Amino acid sequence: MTNKLTFLMLLSVLISKGQENNSNIFSITPEILIGITGEPNTGFPDRGLQKQAFISLGWHHTTHTQEWASYLKTSKAGISLGYTDLANKTNLGEIFTIQPFLEFNAFKSKNINLHVGTGISYVTKKYHPITNEFNKAISTDLTWSFRLFMYYNLMKYDHVNWRVGAGYTHHSNGHTRLPNQGYNSFLISLGLEINTSKNSLKNSAQPVKIPKKTISDYFSIRSGYGIHVLSQAFDDKKSVYTMSGEYGKIYNNTLKLGLGAYFRFYQAYYDYISNNESLVQNGREFSDLRSNAFTNALNIGITANSELLLNHFGIDLQVGINIFKPAYKIDWRINQGWGDVPKIITESGGNYRLGDVGESYFKIKRTISARFGLKYYVIGTAKKPVNNLYLGAFINSNLGQADFTELAIGYIKILKSRNK
Numbered sequence: 005m006t007n008k009l010t011f012l013m014l015l016s017v018l019i020s021k022g023q024e025n026n027s028n029i030f031s032i033t034p035e036i037l038i039g040i041t042g043e044p045n046t047g048f049p050d051r052g053l054q055k056q057a058f059i060s061l062g063w064h065h066t067t068h069t070q071e072w073a074s075y076l077k078t079s080k081a082g083i084s085l086g087y088t089d090l091a092n093k094t095n096l097g098e099i100f101t102i103q104p105f106l107e108f109n110a111f112k113s114k115n116i117n118l119h120v121g122t123g124i125s126y127v128t129k130k131y132h133p134i135t136n137e138f139n140k141a142i143s144t145d146l147t148w149s150f151r152l153f154m155y156y157n158l159m160k161y162d163h164v165n166w167r168v169g170a171g172y173t174h175h176s177n178g179h180t181r182l183p184n185q186g187y188n189s190f191l192i193s194l195g196l197e198i199n200t201s202k203n204s205l206k207n208s209a210q211p212v213k214i215p216k217k218t219i220s221d222y223f224s225i226r227s228g229y230g231i232h233v234l235s236q237a238f239d240d241k242k243s244v245y246t247m248s249g250e251y252g253k254i255y256n257n258t259l260k261l262g263l264g265a266y267f268r269f270y271q272a273y274y275d276y277i278s279n280n281e282s283l284v285q286n287g288r289e290f291s292d293l294r295s296n297a298f299t300n301a302l303n304i305g306i307t308a309n310s311e312l313l314l315n316h317f318g319i320d321l322q323v324g325i326n327i328f329k330p331a332y333k334i335d336w337r338i339n340q341g342w343g344d345v346p347k348i349i350t351e352s353g354g355n356y357r358l359g360d361v362g363e364s365y366f367k368i369k370r371t372i373s374a375r376f377g378l379k380y381y382v383i384g385t386a387k388k389p390v391n392n393l394y395l396g397a398f399i400n401s402n403l404g405q406a407d408f409t410e411l412a413i414g415y416i417k418i419l420k421s422r423n424k
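According to our numbering, the stretch in the sequence shown is residues 5 to 424, in order.
If you're looking for bench data, these hints aren't it; they were derived computationally from the structure. Treat the hints with caution; some may be incorrect.
Claimed, not checked - Once the Cα atoms are required to be at most 25 angstroms apart in a straight line, the calculated SDA-like pairs of lysine to any residue come out as:
1. Lys140 - His174
2. Lys417 - Ser220
3. Lys253 - Leu312
4. Lys242 - Gln285
5. Lys347 - Phe290
6. Lys387 - Lys417
7. Lys347 - Gly47
8. Lys112 - Lys216
9. Lys112 - Met154
10. Lys242 - Pro133
11. Lys253 - Tyr380
12. Lys333 - Arg181
13. Lys253 - Phe223
14. Lys241 - Gly341
15. Lys367 - Pro44
16. Lys93 - Asn188
17. Lys55 - Asn157
18. Lys130 - Thr94
19. Lys93 - Leu53
20. Lys241 - Phe298
21. Lys387 - Leu321
22. Lys217 - Leu263
23. Lys253 - Lys242
24. Lys388 - Leu312
25. Lys112 - Ala265
26. Lys333 - Tyr380
27. Lys217 - Tyr172
28. Lys160 - Phe108
29. Lys417 - Gly252
30. Lys420 - Ser401
Here the structure is a predicted model, which means the values were calculated and not measured.
Please put together the full structure from these sequences, using the hints given.
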């Protein structure tokens, strides 16, 4: 559901951007890509060179009617359709992708563009405990998909633009089912941008009137509901309840920066502790967590938040520090070793090894959190409302590894605004 909501939100961004664009310059960009697929788990199936074919349909922006488009110097927005051959159709299969995207001029150069796309993908082969046990990358048919690319214009003519690119792609189900190690790939690209309108790509740039610079103070609160799976043995989807608040500044009605705090309750951690499962039983290493199952199922942290405001939509990125997350020790022990860890974990062990909570990597992942997602604002931020509501869809992670997928509703209040 979260994947579909995210896609619909992004698609709405493109519709609104198409309505804002007065130039009506439309382009079709086919491209071919080759690269490598990272190994997400030990024993991952052999594969060759990854191959992709994408076609992107986009609208160029030569005039801007809103502040964010002026400040970000957005060059193009559109939708991409893609096919990926992971070079092992028996175990890894193929991926079909649909992604709304935005492109920006980078490094103050008209020949370098940054491409950001996120959407959904259908994967033809996934993990199976018997027939495909060594592919632990994906365990669901539908996944989140993400692309981050840098493109350079090789040869730019009136209606045709040859360009090369390099970048990164990611596919993951957001920890809604395990295993979920995800596909991470690095690729290079050759593409041809074809302008189908009467206007010229080469000479389309128009002078942009930059609005007055402003700074606004804001306060925001958010409540969310997430889905989290503890392990393959405990594969039921369990709830995560979240509350957070933040305070900060909005620059030029486009970039929002703030500091905040969050409180989360993990139903999966609470059930593991209150049901007296193996690792919290008397005499076992985490038996102290049973002293208060509710408190020890909480996660409390502080955050630094950033967001691009695109009128009705926001692209949100948060990096945080977990001050309190005691039950993550259980999560790490079960999921970060090797072998199939069962529900009942004997002290004598079995054909598996538990994760080591003494290693430095555990301490880093327990400490660093992150969140990425999209927001839809009820009142467009171009109107500069004092009070506003939003709906959001997010992936939350532990140092980049998906933790849970979340839907949220939030409120934001502008405290004061002034010109620079």
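Review point. Going through the earlier hints one by one, which of them does the structure break, listed in rising order?
Key: The structure conflicts with hints 23, 25, 26, 27 and 30, although it agrees with all the remaining ones.
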